[in-house]
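Participant: Sequence:
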Amino acid sequence: MTLGVLHHLIEAEEATDVAAMNALLPAIKFNGGGHLNHTIFWTNMAPNAGGDPSGAIADAINEEFGSFQAFKDKFSAASVGVKGSGWGWLGYCPKNNKLAVATCQNQDPLQVTHGMIPLLGLDVWEHAYYLQYKNLRADYVKAFFNVINWSNVNERLETARKSAGH
Numbered sequence: 004m005t006l007g008v009l010h011h012l013i014e015a016e017e018a019t020d021v022a023a024m025n026a027l028l029p030a031i032k033f034n035g036g037g038h039l040n041h042t043i044f045w046t047n048m049a050p051n052a053g054g055d056p057s058g059a060i061a062d063a064i065n066e067e068f069g070s071f072q073a074f075k076d077k078f079s080a081a082s083v084g085v086k087g088s089g090w091g092w093l094g095y096c097p098k099n100n101k102l103a104v105a106t107c108q109n110q111d112p113l114q115v116t117h118g119m120i121p122l123l124g125l126d127v128w129e130h131a132y133y134l135q136y137k138n139l140r141a142d143y144v145k146a147f148f149n150v151i152n153w154s155n156v157n158e159r160l161e162t163a164r165k166s167a168g169h
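According to this note's numbering, the sequence shown is numbered sequentially starting from 4.
If you're looking for bench data, these hints aren't it; they were derived computationally from the structure.
Hints are not guaranteed to be accurate.
Listed next, with one range per pair, are the computed distances between beta-carbon atoms [to be verified]: (1) E129 <-> M48: 17 to 27 angstroms; (2) N65 <-> T19: 43 to 53 angstroms; (3) S70 <-> E14: 48 to 58 angstroms; (4) G118 <-> N34: 16 to 26 angstroms; (5) S57 <-> P29: 36 to 46 angstroms; (6) A167 <-> E16: 26 to 36 angstroms; (7) A167 <-> A18: 32 to 42 angstroms.
25 angstroms max Cα-Cα, derived PhoX-like pairs, lysine-lysine [said to hold, decoys possible]: (8) K98 <-> K32; (9) K75 <-> K145; (10) K75 <-> K98; (11) K32 <-> K86; (12) K101 <-> K77; (13) K98 <-> K165; (14) K165 <-> K101; (15) K86 <-> K75; (16) K137 <-> K77; (17) K137 <-> K86; (18) K75 <-> K137; (19) K101 <-> K75; (20) K77 <-> K98; (21) K86 <-> K145; (22) K77 <-> K145.
Cβ coordinates follow ideal geometry from the N, Cα and C atoms, glycine included.
Use the sequences and the hints to build the structure in full.
Facilitator: Below is the structure:
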């Protein structure tokens with residue numbers, strides 16, 4: 004979030020100016036969501052990572068999607084299918100203790116948009132892949148599976164389950 008937006012928010016809060024606070028929400032959602040999404044994205048990857056998941060995340064993927072390959076197919080199709088700029092996600096739904104694949108437009112945070120806790124996020128904004136993959140988003144999505152840090156995704160799932168009381 005830019006310092007200007009934050010400064011304006013503080014001023015609006017101090018003045019109890021609800022209209023000004025509401026006017027700032029799109030910038031807060033965009034910039035704050037971008038920071039949050041990218042923080043997750045960068046920790047979801049690691050050198051010499053990838054491969055099949057193990058542990059709790061593997062069990063949850065198999066339970067929800069039937070197999071790791073079925074999950075990969077669903078996650079890939081959703082991520083490739085984002086219209087314009089956005090994100091592909093594997094999220095945890097605390098209400099029913101299940102995983103789900105979802106997408107978000109622009110920098111919208113998964114938790115705000117879908118009520119799910121983000122576990123694995125893929126930036127499908129063109130800037131994320133254009134230099135190496137040009138307009139071949141599907142190739143970029145396929146390559147993402149070679150760098151997924153499943154240990155990080157496992158930690159996120161365990162934390163999410165604990166915070167939801169599961």
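Participant: Hint by hint, note whether the structure agrees.
Facilitator: Hints, one by one, checked against the model:
1. A beta carbon spacing of about 18 angstroms between E129 and M48 agrees with the range 17 to 27 angstroms that was offered as a hint.
2. Between N65 and T19 the beta carbon distance is about 51 angstroms. The supplied range of 43 to 53 angstroms therefore holds.
3. Checked against the given bound of 48 to 58 angstroms, the beta carbons of S70 and E14, roughly 53 angstroms apart, stay inside it.
4. A C-beta distance of roughly 21 angstroms is found between G118 and N34, which places it inside the suggested range of 16 to 26 angstroms.
5. A hinted range of 36 to 46 angstroms holds for the C-beta pair S57 and P29, which are about 40 angstroms apart.
6. In this structure the supplied range 26 to 36 angstroms holds for A167 paired with E16, their Cβ-Cβ distance being about 30 angstroms.
7. Take A167 and A18: their Cβ atoms lie about 37 angstroms apart, and the range 32 to 42 angstroms holds.
8. About 23 angstroms separates the Cα atoms of K98 and K32, which keeps this hinted pair within 25 angstroms; it holds.
9. At most 25 angstroms may separate the alpha-carbon atoms for a hinted pair to count; K75 and K145 meet this at roughly 9 angstroms.
10. Restraint check: the Cα-Cα separation between K75 and K98 comes to about 24 angstroms, which is no more than 25 angstroms; the hinted pair holds.
11. Among the hinted pairs, K32 with K86 is consistent with the structure: their alpha-carbon atoms are about 19 angstroms apart, no more than 25 angstroms.
12. The suggested pairing of K101 with K77 holds, with an alpha-carbon distance near 15 angstroms, which does not exceed 25 angstroms.
13. For the proposed pair K98 and K165, the alpha carbon gap of about 13 angstroms is at most 25 angstroms, so the pair holds.
14. For the hint linking K165 to K101, the alpha-carbon distance of about 13 angstroms falls within 25 angstroms, and the restraint holds.
15. Note on K86 and K75: the hinted pairing holds, with a Cα-Cα distance of about 19 angstroms set against a maximum of 25 angstroms.
16. Proposed proximity of K137 and K77 is supported: the alpha carbons are some 23 angstroms apart, at most 25 angstroms.
17. Straight-line distance between C-alpha atoms of K137 and K86 comes to about 16 angstroms, which keeps the hinted pair within the 25 angstroms bound.
18. For the hint linking K75 to K137, the alpha-carbon distance of about 22 angstroms falls within 25 angstroms, and the restraint holds.
19. This hinted pair checks out: K101 and K75 have alpha carbons roughly 17 angstroms apart, not beyond 25 angstroms.
20. With a C-alpha separation of about 22 angstroms, the suggested pair K77 and K98 falls inside the 25 angstroms cut-off, and the hint holds.
21. Our distance criterion of 25 angstroms between C-alpha atoms is met by K86 and K145, whose separation comes to about 18 angstroms.
22. Between the alpha carbons of K77 and K145 the distance comes to roughly 12 angstroms, so the proposed pair stays at or under 25 angstroms and holds.
Checked against the numbered hints above, the structure violates none of them.
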